[in-house]
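*Asks:* Reassemble the complex: the two chains are provided individually, in unrelated frames, and hints are given to aid placement.
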Amino acid sequence: KNQVEQSPQSLIILEGKNCTLQCNYTVSPFSNLRWYKQDTGRGPVSLTIMTFSENTKSNGRYTATLDADTKQSSLHITASQLSDSASYICVVSDRGSTLGRLYFGRGTQLTVWP
Amino acid sequence: EADIYQTPRYLVIGTGKKITLECSQTMGHDKMYWYQQDPGMELHLIHYSYGVNSTEKGDLSSESTVSRIRTEHFPLTLESARPSHTSQYLCASSGPKSGDDEKLFFGSGTQLSVL
Chain A
1 KNQVEQSPQS LIILEGKNCT LQCNYTVSPF SNLRWYKQDT GRGPVSLTIM
51 TFSENTKSNG RYTATLDADT KQSSLHITAS QLSDSASYIC VVSDRGSTLG
101 RLYFGRGTQL TVWP
Chain B
115 EADIYQTPRY LVIGTGKKIT LECSQTMGHD KMYWYQQDPG MELHLIHYSY
165 GVNSTEKGDL SSESTVSRIR TEHFPLTLES ARPSHTSQYL CASSGPKSGD
215 DEKLFFGSGT QLSVL
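As they're listed, the protein sequences go chains A and B.
In terms of the numbering used here, the first sequence opens at residue 1 and continues consecutively.
In terms of the numbering used here, the second sequence opens at residue 115 and continues consecutively.
Only chain B is shown next, with the shape it has when bound in the complex (with noise of 0.2 Å):
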């Protein structure tokens, strides 16, 4: 069982509101992503990290920011959230210490909705 941790589960928001989207690993892992997963569709990656103080975008264009402060988190902002984000948020990590490095760890997702 992965050590990767999201908040919350579920959310369910009005247009505009501000959320963020925890996700914490106890791996060490120096690798972390942000993936959009809609039903029947392959993941998407809209952001990544290679460790601390550097962030990536993806290859799916999105109006979320991340932020990585620390190895373990790996926070999602949406400054203004509208329906079109309603969507299934996956967050992963990868690193040498699982002894694969492109070995993914999935947290169990965030699904939000916005009315």
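Next up, chain A with everything else stripped away, as it sits in the complex (with noise of 0.2 Å):
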């Protein structure tokens, strides 16, 4: 069964301090993975994307890894601030169909603290 499963399910940190955010999936054939930040009330938007060719890829302070062999990712979140307070989402896509199978985490909700 294609899974996603992401960990930890909440973390709390304080403003300024670095965290790392897991996910690993089960999903094949794979296609790409995605990270999203959904804010409290809001719908999800899109952080970075990974290919299977990339390793590493970074979007101002988040920055996203991939080993496609172990089927890991994580996002590192560097110099916190309280406006990362959020969920966040890994997707990982499949190549089954024309349009892309999705597959959801069900996230990490991360809390920053003042």
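Treat the hints as calculated values from the structure; they're not laboratory data.
Only a predicted model underlies this, so the values are computations on that prediction, with no experimental measurement involved.
Note that the Cβ used here is the ideal one computed from N, Cα and C, for glycine as well.
Worth double-checking, as some hints may not be accurate.
Below, computed lysine to any residue pairings styled on SDA-like, alpha-carbon distance capped at 20 Å [to be verified]: (1) B:145 / A:17; (2) A:17 / A:113; (3) B:131 / B:228; (4) B:145 / B:178; (5) B:217 / A:54; (6) B:217 / A:101; (7) B:217 / A:63; (8) B:217 / A:32.
Away from chain A, derived, C-beta distances all over 10 Å, residues of chain B [unchecked claim]: (9) 117; (10) 127; (11) 131; (12) 182; (13) 186; (14) 187; (15) 222.
*Replies:* Structure below.
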């Protein structure tokens, strides 16, 4: 069964600290992996996309990594800010259909305290 | 900021009422989707559309229906709401015009509560 598992389920850090969120998947065949940020009461917004050949990609203070062999991805947030408080969702796409089916994780709820 | 809009943002209704959740996008995307999201759970696809006059059911069984008469509009209708329909409903779109066919642009959602 294709699945996406995220850890931790929730995380609290102090402003200015770094953190790393994990995503493990069993989706096959693999097309790409995206990280989305979902603020409370809003829809998710794409942060970054990782394809099979990419190991790391940065978007400002966000750095995503992908190990396609172990089927693991991480999202590292540097120098956290209060506005980083949100749910971070890992989404994996397969190549099983023309549409490219999407598999969603349950998200990691990050809270940044001042 | 995505150009996709959902109304209403919040809706509280009684059991048995008929409701329509509106979703519109101005990006010219061919593909549109409806997801259902409960707290702490993953998004579940309930309907999607590849284009005008094309609609399909998603992975999660739903008593709702959708229509796609215009590219920009993808409303979702519940003929008779029940408490089990209480949830967050998210509309999304994607298309090659965004430069990435699979990148989803989400609306802000409709929080539905059925009493």
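*Asks:* Does each hint hold? Answer for all of them.
*Replies:* Outcome of the hint check:
no.	hint	result
1	B:145 / A:17	violated, 39 Å
2	A:17 / A:113	holds, 10 Å
3	B:131 / B:228	holds, 9 Å
4	B:145 / B:178	holds, 18 Å
5	B:217 / A:54	holds, 17 Å
6	B:217 / A:101	holds, 12 Å
7	B:217 / A:63	holds, 18 Å
8	B:217 / A:32	holds, 11 Å
9	117	holds, 12 Å
10	127	holds, 19 Å
11	131	holds, 24 Å
12	182	holds, 15 Å
13	186	holds, 17 Å
14	187	holds, 17 Å
15	222	violated, 5 Å
Checked against the numbered hints listed earlier, the structure breaks hints 1, 15; every other hint is satisfied.
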